[in-house]
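Numbering (the working numbering), first residue to last: 1 to 127.
Don't read these hints as lab results, they were simulated from the structure.
Predicted, not measured: the structure shown is a model, and the values here were computed from it.
Incorrect hints may appear among the rest.
Unchecked claim - Cβ pair distances, simulated, as ranges:
#1 GLY85 / ARG55: 42 to 48 Å
#2 ALA22 / SER108: 29 to 35 Å
#3 GLU59 / GLY88: 37 to 43 Å
#4 ARG4 / ASP69: 36 to 42 Å
#5 ARG93 / ASP8: 17 to 23 Å
#6 SER108 / GLN12: 16 to 22 Å
#7 PRO25 / ALA46: 24 to 30 Å
#8 ARG93 / SER116: 31 to 37 Å
#9 GLU59 / ALA104: 19 to 25 Å
No residue lacks a Cβ here, since even glycine has one placed at the ideal position from N, Cα and C.
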Amino acid sequence: MTERELLDRTKQFGLRIFKLVAALPQTIQGRAVASQLIRSGTSVAANYRAACRARSKPEFIAKLGVVEDEADESAFWLEFIIDTGLLGAVKVRPLLTEAGEIAAIMASSKKSAAKSQIENRKCCEDL
């Protein structure tokens, strides 16, 4: 998946979260969960965008870690919505799947970037 595709995918995830949050009930519980989910869900896109603009490999890796964490937190809140019955599973499950996939992509990308950083350091030590 290209950087552009991931930028689009994470942004679409944030937009879908934005719409889902609007469907939550206007109760104290619904508003509390909405507040948490909107923050973590939109943060996925914002932090991936920041990762793409990183000034160094360590900053890039750190930002990918933030995206992974925010996607995982979003998955938690989506599970919580299903478990509490705030919304039906049919409506929430596709976003839950997407949150898990984004977290997995970021974990894999973070690992690859860290590995290439280590290999680059070893190469430079040989000079």
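| field | SER108 paired with GLN12, Cβ distance criterion 16 to 22 Å | value | holds, 20 Å
| field | Cβ distance range 24 to 30 Å for PRO25 and ALA46, holds or violated | value | holds, 27 Å
| message | Looking only at beta-carbon atoms, does the pair GLU59, GLY88 fall within the given range of 37 to 43 Å? | response | holds, 40 Å
| field | Assessment of proposed distance window 29 to 35 Å (beta carbons of ALA22, SER108) | value | Given about 32 Å between the Cβ atoms, the range holds.
| said: Is 31 to 37 Å respected by the C-beta to C-beta distance linking ARG93 and SER116? | reply: holds, 35 Å
| message | Quick check: does the Cβ-Cβ distance between GLY85 and ARG55 fall within 42 to 48 Å? | response | Because 45 Å falls inside the window, the suggested range holds.
| message | Tell me if the beta carbons of ARG93 and ASP8 are separated by a distance inside 17 to 23 Å. | response | Given range 17 to 23 Å: holds, Cβ gap about 22 Å.
| Between GLU59 and ALA104, does the C-beta distance stay in 19 to 25 Å? | The hint (19 to 25 Å, Cβ to Cβ) holds, given that GLU59 and ALA104 are roughly 22 Å apart.
| Hint check for ASP69 and ARG4 - Cβ pair distance inside 36 to 42 Å | At 23 Å between Cβs, range violated.
Of the numbered hints listed earlier, the single one contradicted by the structure is hint 4.
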